[in-house]
Every structure is written in structure tokens, then in C-alpha cells.
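2 protein chains.
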Amino acid sequence: MTNPTAAMIVIGDEILSGRTRDSNMHYLAQELTKIGVDLREVRFIADDPEAITSTVKALSAAYGSVFTSGGIGPTHDDITADCVAAAFGTPIGVREDAYQLLHAHYDRQGSEFNEARQRMARIPDGAKLIDNPVSVAPGFIIANVHVMAGVPAVFEAMLASVLPTLTGGAPLLSQTLRIQRGEGEIAGPLGKLAVEYADLSIGSYPFQKDGIYGANIVIRGQDGARVDAAMMRLAELFPA
Amino acid sequence: MTNPTAAMIVIGDEILSGRTRDSNMHYLAQELTKIGVDLREVRFIADDPEAITSTVKALSAAYGSVFTSGGIGPTHDDITADCVAAAFGTPIGVREDAYQLLHAHYDRQGSEFNEARQRMARIPDGAKLIDNPVSVAPGFIIANVHVMAGVPAVFEAMLASVLPTLTGGAPLLSQTLRIQRGEGEIAGPLGKLAVEYADLSIGSYPFQKDGIYGANIVIRGQDGARVDAAMMRLAELFPA
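Line order of the protein sequences matches chains A and B. Okay, so the first sequence: first residue is 612 according to our numbering, each after it adds one. Okay, so the second sequence: first residue is 612 according to our numbering, each after it adds one.
For the record, the hints were derived by calculation from the structure and aren't laboratory data. Some clues are possibly wrong.
In this list, chains with the same sequence are indistinguishable; a pair is considered to hold if it fits within one copy or across any two.
Taking lysine-lysine and the DSBU-like style, the derived pairs with C-alpha atoms no more than 35 angstroms apart in a straight line are [claimed, not checked]: (1) Lys803 to Lys739; (2) Lys803 to Lys668; (3) Lys739 to Lys645; (4) Lys645 to Lys668; (5) Lys820 to Lys645; (6) Lys820 to Lys803; (7) Lys645 to Lys803; (8) Lys820 to Lys739.
All chains, please: the whole structure from these sequences, using the hints.
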């Protein structure tokens, strides 16, 4: 019983140069975990057509669904839609429903619906639009690739409308035990526990803060009774 | 005149599940930018031997240097060193100098230097150790791959000793102009500016906060005079 898989592509020079700190990956990771979809890989790549196209191709073929973040605005560096279309060999052009949505939005604002803004209505043929309640310009879904905005408020709003359409798996249950002993002291018995409960994932995450050190041991699995049993054994091994 | 390139591999289920939020990528991105090394790609992957080995192979071949974060502690889920050795077809075993460092450290602490802790002295043959002033267990460099810890304080300390050994390029200079107009309004003239200054990177990063919206335009390049010239033209195009 394995869960559906997913990957993410975060597009933008500003993140790779350290100017901006991405928050969409962490948000997506948490949301997918809740519905039982396994995020297996995330790639951060530059605003480079070849990198975008080849990464979309590779991850779309390897995983159940793919989510992209960034590069769908009106400026010259917003090239994601064209690159995703190229990855699938699909024509792209201004789409009537997206055009009308944007037109009405800028009319309401009293802003000019100029050529740059019209670019945001460029959607690969056959794609399904993703609603954007924040700033109207839509994302889209083509094959298993969900193309979404980089601005966190917009990314999160788009994801909210996409999540109910995904087929989740059994939600991953997890329990954590905080152990104030060095990882090196607990590693032996912990490794044996991991072999005994090979159907679960047992991770050890060390911490060091204010002179206190230890590790958080996280036991994850889809079967609650197994997770409980492993957690009880763990607590016996390392009493507080 | 292109800068040296780099890539990063962040290893750990806990990040992909959303349990932990990575900070090492953002830190590395900023440090590399300062010394003129272009971080071109970052991949987040699971604690999976095949994924680690194949990703190390791919990125080591594609970029000037590679940095990994995570998976070098004493517990059963710390498999990075073995996977990196496998990627290069190099034998791995307990190394005497690393063993002695760790042995002395645990003796000083009055802790047992047990089998789990001895695992942290496993280093691929021929690798160079990376000093760990925080918790002693070393990282290592093999070929162009720098294997470092996931705990941020340790990652940052290891990076500090690695950075002076890297050959940097011309530091990337950048200037930012904050423009309180929608991206769609400025996109046309901005696109023309980007063509005129094709030797520079001109990025537009929209913001929306507390009812104020606009874009930060960032002009980046290695030639300060060109960056200045483009920034002056930008300020003329969009007076405050």
C-alpha cells in the first residue's frame, strides 16, 4: 500500500541567489503530507528555458503529480507557461476565458489591460485553469503538472483549489519522542528497533540548543496500531 | 566571463514531509553569491540510497562544485557517506584520523565511544576531511562534492572552513528599485530595458502587503558601471 507520489519545481533566480527565501516548498510539503501524498523530490532551478523544460519533462514522467511555483506573471522573466508547453510539445496562445477574466479584473480596477497583462492569459492548449482568488491571473494544469504562482499568498490560494482534486493515500501518522541523550548513545538500540519495525519509517533528528542536546525520534507510518506499538517500545528503551 | 557553478543536495525525509523547514539552502545561496559562485540548482531528496547516489552522480558531473546537507550522523538513517562513496565507486571505511578525533572528543566528555559513534569516522578513501568545530564529527570532500551536516549550526561552521578553498568569480553586484506600480504596468518598458541590457540579469519580484502592491526590480551583473547605467535608465522610466 504505497501512497501517490509528487514532486515540486521552484523556479527563480532570486531564490538561488539567496535574495529571497522560499516558503512554498515547506507549505506544499505540509499540505501533501496531510492528505497522504508523498512529496519525494523538490528541485530549485533558474529562470532558464532549457532547465525548466527538461526538469518538467523528467519529474512529470517520474512522479504521480508535479507542482511548479514561480514565473507566471506579466514580465519578461516570466517564462514558465511557455516552457511547460514546450515540455509537452503543446501549442500555447491567449485563451479566451482567461483573457476575459483578466480583462474584467483590470476594467474593475480602472487599469489598462495592456499587452504585458494579456500575456498572463497565455495557456497551453487543453490545460485546465486554476482559480486565483487573490490576483485573478490563473494557474493551469496540463497532464499531471500543476503550474502555480510564486507569490506565497497566491500559491497557497491556488493550492487550496487544487488539493481537493488530488487522490490522496492513507495519511501518514507520526509520533515524536524527545530524548535528551546524544544520538550516538541511542543509535544502537534505535537501529535494532528500525529493523524490527521495517514497515515504519523511524527518523532521528538531533538538536543542540542552549547547552541541551538530544534527538527527536519520529516514527511514521500509515498503520496507527503499528506506530503506537513502536512508540511504546521506544519509550521502554529510553525512559525519561 | 562566467562564474564557477555550484549545486546543492539536501537529504532528508523530515524536510520533504514538512516536519522540518530547511534553512541551509538559503544560507548557502547567500554565501556563494558573496564570493561569485553561481548556485544553479538545488535538489531536495529522501533518505533513499538510490536517490542519493544517482543525484550525487548527476550533479557532480554537471556543476563545478556540489554541497550536500544531511545524513552524516551516527543513526541508522544516516546513509549519506556510504551513498557518496558508492556514487564515485570508492571504498569506504573507518579512517584513523577521524577515529582519533572522535575518540578524544568522547573521552573528554566521559561518553562511551561506541559502535554508532565510530560510524561517524567512516570516510570514503582519499577524501579530505572538513573540520567540525561544533560537534567534532567531520564532513568530507571527495572530487567536487562537499559532504556536510544537516544541523544548521554545524552546516554553517563547516561551510566557513570550506569557502576559502573555493575559487570564486566576480562577485555578483545587484541593485534594487522598489516600484509601487503593478507588474503589468511596468512590464512593457522593463522588457525593452532587459533587451537593451542583455548582459545583465533583470528580475521583477512582485509584492502585495497591507493593500500596497508593486514590484522590486533587481538588476544584477558583474560590471558595476553597467549595473549603474541600467539602474539610472530604470529610475528614469519609473520616477517615484
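Ascending list of hint numbers which this structure does not respect: Every hint satisfied by this model.
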